[in-house]
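Modelling step: build the complete structure from the supplied sequences, incorporating the hints.
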Amino acid sequence: MLRKLYGDMTRNAFAYRMLIPYVVFLALLVLYPIIANFVISLQADGLWTLKNYQQVFKEPVFAKVAFNTVIWTVGSVVLQLLVGFVLALLLNQDFRGRAFFRSIILVLPWATPDIVVGVAWQWMYNDMYGVLNDILFRLGIIDYYLPWLADQDLARLAVIIANTWKGFALSAMFYLAALQTVPHELYEASEVDGANVFQKFLNVTWPILRPFVVTTTMLTTIWTINYFPLIFTMTGGGPANATDTFVTYAYRTAFRFLDFNRSAAMSSFTFVLVFLISLLYLRALSRKEAER
Amino acid sequence: MRKYAVLVALLLAVLVSGTAFAQDKLIVWVGGHVVEQEQTWAEIISAFEEATGIEVEYRLIGFDVYYDTLVTAFSAGQGPDMTFADLGGWVPTFAAQGWIESLEDRLQASDITEQIWPNLWPTVTYNGERYGLPWYTDCRVLMYNKIMFEEAGLDPEKPPVTWDELLEYAKALTDPRQMKYGYGVSGKRSEVATLGYMIFLHGAGGELLTEDYSKAAFNTPAGLSALKFYTELFTEHKVSPPATPSYGEDDFRSMMAQNRVAMAISGPWAFPLIEMANPAIVGNYAVAIHPYSAEPASVLGGWASVVSSTSKMKEEAWKFIEYITSYDVWRMWIARHGGPMPTRMDVCYDAPEFDDPRWEVILEAFPYAKVRPPIPEWPEVSDRIQNMIQVVVTGQATAEEAIAIAEQEINAILGN
Numbered sequence: 020m021l022r023k024l025y026g027d028m029t030r031n032a033f034a035y036r037m038l039i040p041y042v043v044f045l046a047l048l049v050l051y052p053i054i055a056n057f058v059i060s061l062q063a064d065g066l067w068t069l070k071n072y073q074q075v076f077k078e079p080v081f082a083k084v085a086f087n088t089v090i091w092t093v094g095s096v097v098l099q100l101l102v103g104f105v106l107a108l109l110l111n112q113d114f115r116g117r118a119f120f121r122s123i124i125l126v127l128p129w130a131t132p133d134i135v136v137g138v139a140w141q142w143m144y145n146d147m148y149g150v151l152n153d154i155l156f157r158l159g160i161i162d163y164y165l166p167w168l169a170d171q172d173l174a175r176l177a178v179i180i181a182n183t184w185k186g187f188a189l190s191a192m193f194y195l196a197a198l199q200t201v202p203h204e205l206y207e208a209s210e211v212d213g214a215n216v217f218q219k220f221l222n223v224t225w226p227i228l229r230p231f232v233v234t235t236t237m238l239t240t241i242w243t244i245n246y247f248p249l250i251f252t253m254t255g256g257g258p259a260n261a262t263d264t265f266v267t268y269a270y271r272t273a274f275r276f277l278d279f280n281r282s283a284a285m286s287s288f289t290f291v292l293v294f295l296i297s298l299l300y301l302r303a304l305s306r307k308e309a310e311r
Numbered sequence: 063m064r065k066y067a068v069l070v071a072l073l074l075a076v077l078v079s080g081t082a083f084a085q086d087k088l089i090v091w092v093g094g095h096v097v098e099q100e101q102t103w104a105e106i107i108s109a110f111e112e113a114t115g116i117e118v119e120y121r122l123i124g125f126d127v128y129y130d131t132l133v134t135a136f137s138a139g140q141g142p143d144m145t146f147a148d149l150g151g152w153v154p155t156f157a158a159q160g161w162i163e164s165l166e167d168r169l170q171a172s173d174i175t176e177q178i179w180p181n182l183w184p185t186v187t188y189n190g191e192r193y194g195l196p197w198y199t200d201c202r203v204l205m206y207n208k209i210m211f212e213e214a215g216l217d218p219e220k221p222p223v224t225w226d227e228l229l230e231y232a233k234a235l236t237d238p239r240q241m242k243y244g245y246g247v248s249g250k251r252s253e254v255a256t257l258g259y260m261i262f263l264h265g266a267g268g269e270l271l272t273e274d275y276s277k278a279a280f281n282t283p284a285g286l287s288a289l290k291f292y293t294e295l296f297t298e299h300k301v302s303p304p305a306t307p308s309y310g311e312d313d314f315r316s317m318m319a320q321n322r323v324a325m326a327i328s329g330p331w332a333f334p335l336i337e338m339a340n341p342a343i344v345g346n347y348a349v350a351i352h353p354y355s356a357e358p359a360s361v362l363g364g365w366a367s368v369v370s371s372t373s374k375m376k377e378e379a380w381k382f383i384e385y386i387t388s389y390d391v392w393r394m395w396i397a398r399h400g401g402p403m404p405t406r407m408d409v410c411y412d413a414p415e416f417d418d419p420r421w422e423v424i425l426e427a428f429p430y431a432k433v434r435p436p437i438p439e440w441p442e443v444s445d446r447i448q449n450m451i452q453v454v455v456t457g458q459a460t461a462e463e464a465i466a467i468a469e470q471e472i473n474a475i476l477g478n
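Residue numbers (this note's numbering), protein chains in the order written: chain A, 20 to 311; chain B, 63 to 478.
Since the hints were made in silico from the structure, they are not lab data. Ideal placement from N, C-alpha and C gives every residue a C-beta, glycine not left out. A few of these clues could be false.
[Said to hold, decoys possible] From the structure, some residues in chain A lie toward chain B, with a derived Cβ separation under 8 Å:
no.: 1; residue: D146
no.: 2; residue: M147
no.: 3; residue: V150
no.: 4; residue: Y164
no.: 5; residue: G255
no.: 6; residue: G256
no.: 7; residue: G257
no.: 8; residue: P258
no.: 9; residue: A259
no.: 10; residue: N260
no.: 11; residue: F274
no.: 12; residue: F276
no.: 13; residue: L277
[As the list claims (entries may be wrong)] Only part of the chain B face toward chain A is listed, based on derived beta-carbon distances under 7 Å:
no.: 14; residue: G124
no.: 15; residue: V127
no.: 16; residue: D130
no.: 17; residue: T131
no.: 18; residue: V133
no.: 19; residue: P304
no.: 20; residue: S308
no.: 21; residue: P441
no.: 22; residue: E442
no.: 23; residue: Q452
no.: 24; residue: V453
no.: 25; residue: T456
[What the hints assert, rightly or not] With a Cα cut of at most 30 Å, we get these calculated DSBU-like pairs of lysine-lysine:
no.: 26; chain 1: A; residue 1: K83; chain 2: B; residue 2: K290
no.: 27; chain 1: B; residue 1: K277; chain 2: B; residue 2: K432
no.: 28; chain 1: B; residue 1: K300; chain 2: A; residue 2: K83
no.: 29; chain 1: B; residue 1: K381; chain 2: B; residue 2: K87
no.: 30; chain 1: A; residue 1: K83; chain 2: B; residue 2: K277
no.: 31; chain 1: B; residue 1: K233; chain 2: B; residue 2: K300
no.: 32; chain 1: B; residue 1: K87; chain 2: B; residue 2: K208
no.: 33; chain 1: B; residue 1: K277; chain 2: A; residue 2: K77
no.: 34; chain 1: A; residue 1: K70; chain 2: B; residue 2: K277
no.: 35; chain 1: B; residue 1: K432; chain 2: B; residue 2: K300
no.: 36; chain 1: A; residue 1: K77; chain 2: B; residue 2: K300
Set out below in structure tokens:
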């Protein structure tokens with residue numbers, strides 16, 4: 020075993036040497052902040068302590084913030100996957116102007132800066148001047164203007180909808196790329212076998228898409244947990260902490276209250292959480308690979 | 063081997079470049095509402111360069127990103143030599159972090175000091191020493207829309223004086239079907255919610271913290287009556303727009319410009335802004351001392367000049383501060399822009415531009431203006447006040463419950 024490893028090493032020594040600069044830079048760029056963050060989180064007033072973690076977990080709003088983070092993440096991820104999936108299927112069809120629609124639909128939300136998206140949605144949600152209330156009112160769906168960002172549940176929904184718009188493009192792009200890899204002959208073959216649209220999807224498209232779904236879900240979950248500019252510009256975590264997540268909490272603690280140690284404790288906690296989620300996904304992924 | 067040497071040299075060059083070019087210019091960062099006056103800043107700075115021979119490199123930074131920019135720069139040890147800090151607690155906060163220099167000795171020796179409004183000094187004091195020289199200031203008053211007053215059959219020359227009148231007027235001015243509202247309650251999670259509560263609290267004769275800032279002092283009958291009155295304007299009387307928990311002063315100012323909100327807390331910085339939002343509002347808005355139940359009240363704000371503790375050009379930075387705070391520079395500024403309010407009493411009294419009914423109200427209200435507690439914990443204390451208001455206006459808790467929780471949390475923050 021060891022000999023084999025050593026053999027590999029010597030055979031690939033040149034390749035490894037080529038890799039060294041990248042590994043070193045990656046280590047510096049990734050490991051250094053993580054370690055520094057853990058170190059800061061374990062200090063208070065120049066002493067080593069667990070005080071910061073205790074403070075974070077004892078925080079009266081901790082349960083609420085955790086709940087919000089789950090709602091925000093699950094809501095955004097599920098909606099982004101669904102919208103992205105449907106859009107990818109649609110954009111995979113042959114129709115006139117496909118390239119145009121692809122670029123508009125897939126690139127526009129993704130390329131718009133976070134803060135611009137936040138401010139734009141904030142205006143659309145505005146209760147008095149907002150376009151959303153106006154449309155819903157004219158359609159007769161609501162009979163009074165909804166205070167979108169001022170009500171706890173509506174605000175949670177509002178940030179998730181905005182985030183879905185911002186993020187679905189990425190999922191859609193992944194799925195579209197995956198769909199393009201499905202060999203056309205398979206569809207033709209199944210057609211010969213008399214499969215209908217749903218059977219084709221289930222037996223041809225889905226097995227190929229499945230690993231992409233798992234990977235995309237993992238990536239969007241991680242990004243959503245860590246994503247904060249949208250919430251920050253739209254609600255600032257309010258009303259009454261309804262849209263406060265782990266990262267808005269960490270940001271506020273560091274850059275408003277200048278309590279970097281406590282903020283680092285929250286960030287480290289979030290890091291571990293995200294890390295565990297990634298591990299779970301990776302395991303699920305490798306098990307699926309093995310099954311095949 | 064040579065390849066490695068080249069690599070190492072390259073790395074060193076990258077690392078060193080940040081510090082290699084020895085600083086020979088005074089770095090100045092300007093923030094706050096005054097950054098809009100770009101041309102004036104350019105002229106002030108070149109006049110200063112000419113008079114002193116000190117070269118200045120300056121940046122004007124918008125308010126939204128200013129605090130974060132400063133905090134990031136200072137915590138990285140890369141702060142500007144001289145900059146402005148908000149009088150709402152930034153000076154003690156920065157001083158506690160060791161980011162800024164005590165100016166006590168320089169202030170003692172300067173004759174500018176005696177011209178500064180005396181109620182400003184607590185905002186720049188930390189541990190008994192002064193860390194900043196206030197540059198411009200303001201105080202919060204009631205701004206109201208005269209057109210809406212007339213439409214509602216109210217006398218636009220007689221703004222409300224007491225809380226009862228405020229409520230009565232606000233009810234008369236509110237018409238939800240036309241989306242017109244009498245009074246804007248700042249319910250947003252932002253400093254403005256704290257400021258709104260403070261004006262009602264002080265107007266009821268209450269105090270936020272004890273005199274030595276060691277404990278919460280607002281859970282009293284006065285403090286509770288202020289919280290109840292302030293929030294009930296929205297929850298009970300509905301004289302503030304439905305999305306109040308997401309609105310603040312700036313939103314209400316825009317709505318007032320469109321004749322949607324009749325009264326709201328505002329200040330002198332808002333004069334040019336409301337006129338910019340709707341030129342037709344010129345002459346159709348006015349200000350008055352904010353209504354109160356026990357005594358007139360206001361909260362002051364503004365900006366102070368501070369010097370970075372890591373600066374290598376402290377002497378030059380102080381010269382710049384003295385220059386911009388001089389009588390002549392201020393008179394020039396006021397003659398040109400009409401505001402904001404200088405921290406120098408002599409300029410306030412001498413400038414003909416302040417012979418204006420709006421400015422008379424500001425100068426009349428100023429002596430009543432209280433400071434926000436100048437303590438490093440202020441941002442977090444203010445956050446709890448904002449939260450207290452938000453849980454009440456969103457119906458999560460009663461005023462009694464919310465005030466008790468806020469008191470307990472603030473005492474914990476202050477170390478009790």
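Hints, one by one, checked against the model:
Satisfaction of the interface hint for D146 of chain A is found here, the shortest Cβ-Cβ separation to chain B being roughly 4 Å, below the 8 Å cut-off. For M147 of chain A, the shortest C-beta to C-beta distance to chain B is roughly 6 Å, which falls under 8 Å, so the interface hint holds. With 8 Å as the threshold, the beta carbon of V150 of chain A stays out of range of chain B, its nearest partner Cβ sitting at about 15 Å, so the hint is violated. Hint status for Y164 of chain A: holds, given a least beta-carbon distance of 7 Å to chain B, under 8 Å.
Using the Cβ-Cβ criterion of 8 Å, the hint placing G255 of chain A at the interface with chain B is satisfied: the shortest such distance is roughly 5 Å. This hint holds: G256 of chain A has a C-beta 6 Å from the nearest C-beta of chain B, less than the 8 Å allowed. At about 4 Å, the closest approach between the beta carbon of G257 of chain A and any beta carbon in chain B falls short of 8 Å, and the interface hint on this residue holds. With 8 Å as the threshold, the beta carbon of P258 of chain A comes within range of chain B, its nearest partner Cβ sitting at about 4 Å, so the hint holds.
Proximity of A259 of chain A to chain B holds as hinted, the smallest CB-CB distance being about 4 Å (cut-off 8 Å). Annotation: N260 of chain A was flagged as interfacial toward chain B, and the flag holds, the nearest CB pair being 7 Å apart, inside 8 Å. With its C-beta approaching chain B no nearer than about 6 Å, F274 of chain A sits inside the 8 Å limit, and its interface hint holds. Because the beta carbon of F276 of chain A sits about 4 Å from the nearest beta carbon in chain B, less than 8 Å, this interface hint is met.
Because the beta carbon of L277 of chain A sits about 6 Å from the nearest beta carbon in chain B, less than 8 Å, this interface hint is met. The restraint placing G124 of chain B at the interface with chain A is violated, with a minimum CB-CB distance near 12 Å, outside the 7 Å limit. Hint status for V127 of chain B: violated, given a least beta-carbon distance of 10 Å to chain A, over 7 Å. At about 6 Å, the closest approach between the beta carbon of D130 of chain B and any beta carbon in chain A falls short of 7 Å, and the interface hint on this residue holds.
Interface restraint check for T131 of chain B: the shortest CB-CB distance to chain A comes to about 10 Å, outside 7 Å, so the restraint is violated. At about 6 Å, the closest approach between the beta carbon of V133 of chain B and any beta carbon in chain A falls short of 7 Å, and the interface hint on this residue holds. At a threshold of 7 Å, the smallest CB-CB gap from P304 of chain B to chain A is about 5 Å, leaving the interface hint in force. A least Cβ separation of about 4 Å between S308 of chain B and chain A falls short of the 7 Å threshold, and the interface hint therefore holds.
Against a cut-off of 7 Å between C-beta atoms, the interface hint on P441 of chain B holds, since the closest Cβ of chain A lies about 5 Å away. Nearest Cβ of chain A to the Cβ of E442 of chain B: about 4 Å, under the 7 Å cut. The hint holds. With 7 Å as the threshold, the beta carbon of Q452 of chain B comes within range of chain A, its nearest partner Cβ sitting at about 4 Å, so the hint holds. For V453 of chain B, the shortest C-beta to C-beta distance to chain A is roughly 5 Å, which falls under 7 Å, so the interface hint holds.
With a cut of 7 Å, the hint placing T456 of chain B at the interface with chain A holds, because the nearest CB-to-CB distance is about 5 Å. As the CA atoms of K83 of chain A and K290 of chain B are separated by approximately 25 Å, the hinted pair is consistent with the 30 Å bound. With a CA separation close to 17 Å, the supplied pair K277 of chain B and K432 of chain B stays within the 30 Å bound. At roughly 28 Å between alpha-carbon atoms, K300 of chain B and K83 of chain A fall within 30 Å of each other, so this suggested pair holds.
A threshold of 30 Å between alpha carbons decides the hint, and for K381 of chain B with K87 of chain B the separation of about 13 Å falls inside it, so the pair holds. Of the pairs offered as hints, the one joining K83 of chain A and K277 of chain B holds, with about 27 Å between alpha carbons and a cut-off of 30 Å not exceeded. Note on K233 of chain B and K300 of chain B: the hinted pairing holds, with a Cα-Cα distance of about 8 Å set against a maximum of 30 Å. Between K87 of chain B and K208 of chain B the alpha-carbon distance is near 50 Å, which puts this suggested pair outside the 30 Å criterion.
About 21 Å separates the Cα atoms of K277 of chain B and K77 of chain A, which keeps this hinted pair within 30 Å; it holds. At most 30 Å may separate the alpha-carbon atoms for a hinted pair to count; K70 of chain A and K277 of chain B meet this at roughly 22 Å. With a C-alpha separation of about 29 Å, the suggested pairing of K432 of chain B with K300 of chain B holds against the 30 Å cut-off. A C-alpha spacing of about 36 Å is found between K77 of chain A and K300 of chain B, which places the hinted pair above 30 Å, so the restraint is violated.
The earlier numbered hints that this structure contradicts are 3, 14, 15, 17, 32 and 36.
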